[in-house]
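Number of protein chains: 2
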Amino acid sequence: MMQEKKFVYEFGAHTDGNAKMRELLGGKGANLAEMANIGLPVPPGFTITTEVCAAFAAGGGKLPDAVNRQKNEALKRVEEQVGRRFGDGKEPLLFSVRSGARESMPGMMDTILNLGLNDVSVQGLANVTRNPRFAYDSYRRFIQMYGDVVMEVHAKDEHSVDPFEEILVAAKKSAGVQFDNQLSAEQLQGIIVGYKELIRAATGRNFPQDVGEQLLGAIGAVFRSWNNERAILYRQKYGIPGEWGTAVNVQSMVFGNMGSDSATGVAFTRDPASGENIFYGEYLIDAQGEDVVAGIRTPNPIAALEKDMPDVYGELVAVRQKLENHFRDMQDFEFTVQQNKLYMLQTRNGKRTGFAAVRIALEMERDGLIDKKTAIARIPADSISSLLVPIFNGEDKKRVKLIARGLPAGPGAASGKVCFSAKKAEEVHGRGEKALLCRAETSPEDIRGMLVSEGILTSRGGVSSHAALVARQMGKVCIVGAAALEIDYASHSMRVGGLTIGEGEELSIDGTAGEVFLGSVATVPSEVNQVLEGTLAAGKSSIYTMYAKLMSWCDECRKLKVYLNADSPKQALAGLRYGGEGIGLTRTEHMFFEGNRIDFMREMILAESAEERELAVAKLLPFQREDFIGIFKALKGLPATIRLLDPPLHEFVPHDEDTQRALAKKLSIPFERVRARVGALREFNPMLGHRGCRLGISYPEVSRMQARAIFEAVVQCKKQGVATHPEIMIPLVGFVKELRHQVTIVHEVAAAVKEESGVDFDYLVGTMIELPRACLRAGEIAEIAQFCSFGSNDLTQTTLGMSRDDMGSFLGHYNGLEIFSQNPFATIDREGVGELMAMAVERAQRTRKEIVLGICGEHGGDPVSVKFCHSIGLTYVSCSPNRVPVAKLAAAQAALEQEAAKSK
Amino acid sequence: MMQEKKFVYEFGAHTDGNAKMRELLGGKGANLAEMANIGLPVPPGFTITTEVCAAFAAGGGKLPDAVNRQKNEALKRVEEQVGRRFGDGKEPLLFSVRSGARESMPGMMDTILNLGLNDVSVQGLANVTRNPRFAYDSYRRFIQMYGDVVMEVHAKDEHSVDPFEEILVAAKKSAGVQFDNQLSAEQLQGIIVGYKELIRAATGRNFPQDVGEQLLGAIGAVFRSWNNERAILYRQKYGIPGEWGTAVNVQSMVFGNMGSDSATGVAFTRDPASGENIFYGEYLIDAQGEDVVAGIRTPNPIAALEKDMPDVYGELVAVRQKLENHFRDMQDFEFTVQQNKLYMLQTRNGKRTGFAAVRIALEMERDGLIDKKTAIARIPADSISSLLVPIFNGEDKKRVKLIARGLPAGPGAASGKVCFSAKKAEEVHGRGEKALLCRAETSPEDIRGMLVSEGILTSRGGVSSHAALVARQMGKVCIVGAAALEIDYASHSMRVGGLTIGEGEELSIDGTAGEVFLGSVATVPSEVNQVLEGTLAAGKSSIYTMYAKLMSWCDECRKLKVYLNADSPKQALAGLRYGGEGIGLTRTEHMFFEGNRIDFMREMILAESAEERELAVAKLLPFQREDFIGIFKALKGLPATIRLLDPPLHEFVPHDEDTQRALAKKLSIPFERVRARVGALREFNPMLGHRGCRLGISYPEVSRMQARAIFEAVVQCKKQGVATHPEIMIPLVGFVKELRHQVTIVHEVAAAVKEESGVDFDYLVGTMIELPRACLRAGEIAEIAQFCSFGSNDLTQTTLGMSRDDMGSFLGHYNGLEIFSQNPFATIDREGVGELMAMAVERAQRTRKEIVLGICGEHGGDPVSVKFCHSIGLTYVSCSPNRVPVAKLAAAQAALEQEAAKSK
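Chains D and A, in that order, give the protein sequences. Using the numbering used here, you'd call the opening residue of the first sequence number 31 and step up by one each time. Using the numbering used here, you'd call the opening residue of the second sequence number 31 and step up by one each time.
No wet-lab data here; the hints were simulated from the structure.
Copies of the same chain look alike in the list, so a pair counts if it fits in one copy or across any two.
With a straight-line cut-off of 30 Å between C-alpha atoms, the simulated DSBU-like cross-links for lysine-lysine are:
hint: 1; residue 1: Lys600; residue 2: Lys589
hint: 2; residue 1: Lys202; residue 2: Lys226
hint: 3; residue 1: Lys767; residue 2: Lys897
Using the sequences plus the hints, can you model the full thing?
Structure (structure tokens):
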């Protein structure tokens, strides 16, 4: 007989899984198994695998029979271990039902607690705990959660109050109490009756008394929540494929809300905001876990537990050590103390700010917990940017008023207009202004508003509150629990220390120090930049020390060179300070807009013959030559890849009549000629029109002038003893004959300049690969091109047939439907564009083994794309100057990943 | 010792080559060898291979040493055979030097005759022929030709007279004679002195007396002429690669101008204009071959030779028979009679009109000269169109005045404005009007003007004149030698039978009958169409009989199905009459423009919510349903491929303020809303914007309505007993999720319509492949798509990154530089787009072996592209109705070519 596939994995006294099985069990399930394996106190339970998630959706929301059977068997064994029965009237076993995906997606999916309570078992619970108030409170919480999550009884809209809350508040009012835990068992029973009526009225069905039905309903709700709007949005931001699915963890309940000898908490083995190596966390006495995360009650810092429960605290300190030593990474764990007994409910690698990621990795390496390669691999490449962002100017900080302090939950400096709702933040952002989201607490509904805000500030909640958590994940500047703020949503204002601050007023927050300022504070460059620019001594900045150490490690590992996209000496210098190794893209046309050069450019465009055009072009020559001399001097012999004129000419001409008339007068030509020419330049699809090398072919005198400017600059530099390494790049080639035409011009001009000047020099000529046809013909192109650089922006536009400028009108729908797994203009579309690139690389190398291949589209600064570029064997990536450190780190990671894969 | 590569092939008493060596020897060289092999009288000579053409250009215009050596050896052997020596002062051997490419390019490249004459050898020629006048005339002609072709002494510009002609005309005037052959030997010697002075003055060099130098110069000029502007233009039109190159034929001269016992002529083994099986041709007594072709003297019809030279005529009739029996194709040959002895100078497969191509192939098959497959293969697929073009209305012809008759050189009917110069024709055409080029004779300089004219009419020249020849090749309506016309270029008018006709007046020519009419004549459908439409009995039209026979042969052979692009029942019926086998593309949006539907469409576009949109869309539903019912009824159960809405919405809205205001009023909405919405629809690159399935995804109600209209039409047809075969096609898919989204809608609607109507029906859902990404992801797409159709227009635009609408601004330069081997929007760019298509086919078939694959871009009606589609294994091509016969013929040829290749 064939063995049935395993869909349900147990943990507890008997454990099937381990930490390596994340894909199948999700992160939470795998780590529950692992904790059980290493002897930590885990309440027993079981995990339904991620594979079931897709099967559940495909089956129209029904669990496959085999899964149901295995679930029932596992449940029986939990009953045996705990010694209680599910739905029992005397000693009922209760469960929590939680999601758990391969990657943690905190707060995005649904959870049900206290499952297994009904009108009968609640009495059993009351008896066995001798605490009827606790039992009915649990039942009340369960019905509320189940009604919301499974039976979908919600507030009508965002302006209405949650209907369960409404009943609760009314009950408290009629009982004359302030807090939930002041309600008596009888009062709670009254609430339960109200809840049940609410559910029947809203859904036409009764709240289910059958615990089996409860469990199936909860499992289904968790699986369904994988595809709720929040979860989809989150996946898009973090590039998590919808195909992965979530697992469901069914675990026997323990209670932190059984009195003052019970507690629940969340802790980190290090500070997730600053990365500091301290025990960090918070807890609430007599509470359930959701209370901590939801941020409704402000929890106590973990250190206070030493006094409240000294034994438990001691146990926790040991657990902290055991976890870090076992997992060798910063852990974020949840615990519950039920009547003085500690239970571990979850552990996972803790989310951390970019800053903390760098610090923790470097310090763990220093302390021998991990090796250098692991340290590099563990830092999300984007994180390093957080060492480079501007910080508040210390002097200017003194000028403004410090109005509050809170917990620093996301380092950095942010200023913006106060917004008291996510919607307002979106509105302010939509107007192109900076928003600072300011809430008592945040919840998953606020996520869009958080995304667009410069910073997040809350008056309640601790470092494990939703706001802190999301800030860590998104790299937002954030302060939580700034208790001095009294926010009044109704009046769209807040009071703090006698001040009233209205919506739209300017605030500043220092997420590193946890300080809130009234008004806007000036910024200065990051410490790293201050050191690089020579205004701060390297020894004075520990941040610079971290930066420099990490960069030197990256330089040891990486194979990819990192070049810059830079159009001016200033930009080039900025990138060179970060260790850029040359210029991968200089857009010569940007130079045409400066000063009165634009007039010569326009004169060229308006010329009626090649001779006239040549005269106009000649006037541009000295300017271009000076530009190139500047760039060569900045580069000191590093490669300078210079792209010839690319954009359509209509970008250079004025489109309004007044400027056209002025231009006509200036050039002493009839206005009608200007207007007619501008009209003739209009194109249906300029992206696919008369641009790139098509310009150089129609107007060879332009290519000739640009080549001459480059070579004359080379000669002048050579005479001044400045080394040069020019690489001339022909844009938008699709046919090899286009390239041959332009390359011939370049070689002719080079020969002429050598002849005239008597100076010999080296140079390369190559092309951009930015059309699908160029990818296909790369073999042929490489016969002529000495180097090729992927223009991945245009290549993406043509391969997808999608104009980046026009996609706004349908992007919203596309995101909602998860049509792109990632935005193809941010991260290379590996399955489409990526295949063409790989094909081009292979064909080009077959023709010319040692050809230099690079990328100069915006993808060159995106870590995922950088790794892809490494994998297909490019020589370099070129990116904007401030992305150089990110690209270097990603390049190092790519090399290490490849090395690891090879050694397998 | 290694054998040196052979660059020079001899023909004559010893012959190295044969007819199969076209690629190496060119058509002329290969056939000279073949004629020598079968015993026809060929003056001895040698051929320098096409391989040398590229070597010559690469070597900077110098013959490689090995070639030069082989040439000298071959020359020596010709001297031995003929018994004369090259450059000899007593019995000089003279040569002709002619081009000869793989495909004949008549009149496009240069030729030199009488080479080997100099001041000394001319005296030898005079002695040995005892005809000093002849000798000096030959020398005069040689210097003129050499001066023009090799030494590049030309008229200053198109308005100036040729400087050699100027000297000649002046000499005739001073001698008081009218014709060249009335000049005495002494007068000719005077002209020769004038010519030499002209050359020295114009070039600073002497006309070369060294015959070796003469020969090298001529060979070089012929090789160079491969790349003159005319030749490049010609190659572009006929898709001949520049890489092929030309061979050079050096042949000992014979003279048709040695008196009244000498002659020169051109003949065809059948009539190249009508295809009739008669001996056809013309000759001139006492003339050189160039005189016939140049059309300067109007030659005599070949039949007259029976009286002039009965023996030679008998020999020629035998040669005609021998050539047709040997080559089994209509031959076009040149002969010279030197003092009553016949020499064959050239034979080749005769160019013929499309009409003649069909007739000759069918008649040769009937007579057992060739088999059916050869007959099919031999008809250029486009030719069949000439059986389908409208003809003059017989009644209307009687209304207008018949003003002249000429030789019918290109069948068909053409009307247009008289243009007396090619330039004028281009100008008239440029204005969007029809031009009729009317010249005394045409020359290669006129080729651009001929290309754009509706028809060509000459007053001089015979059927082998330049005009007749080009008309045959281009498929132009043409009459030559309409001697009654007296054209006066100076006054831009012509006189004929007492009338004066000015430039710009309307004329009509019937190229089948050879009749010229004053004014415009109405046309009626071709005989084929008259039969198909039932207005003419099949038995009454021999043309229809040919058409039907050929089509039935094609249907036997071809593997590709031929579908129609048709948006209305009327278009569908037109294509079905030609044997279309279904619809490959119905553009549903075209239906939205009819009547007041556009208002509903605009209402839909202006809707502010999905609900409003749904209301507007519902109004379109009944119209769409009726459209589809009409199409299904026309198709009677053949496949109907219906594409959902594709173009960007801005194509449906008014862009001028008045219409916008009217629309606002009609829809009772504010004008500002209309204006704002129209503004919002504007896109930077609409080709790459919000269109195709992106619309259906943003506005699913539109897809839903279209699917419903289709299925409701299916149900209604079914109820009326009309079979249907709907195939719904989703446009512009790049991501498989896009397709899945739209397919889901279609299936949902189908299920709903089945449910509502209680009628079951079949349908398919598929997609267009029109983006590079779709080609790459075809394997995945085929998991969902039941069929795929290549949208080769958009696929070409995206693969090449080139907008068809915008390429006008650089196309001229691109053509001049031969950057495209063929216009990629007319013929599939095999190396780029073609590779993507082949890749898509392979991937789609790997997923779904039996998937139906087609093409519905405009390439579907282009013969070369049809063959490509066959080669990659498509199921069908879809083209506009009137291209169906062409596509069928091309499909049959493709199948036969594949069969032939397999049997090899």
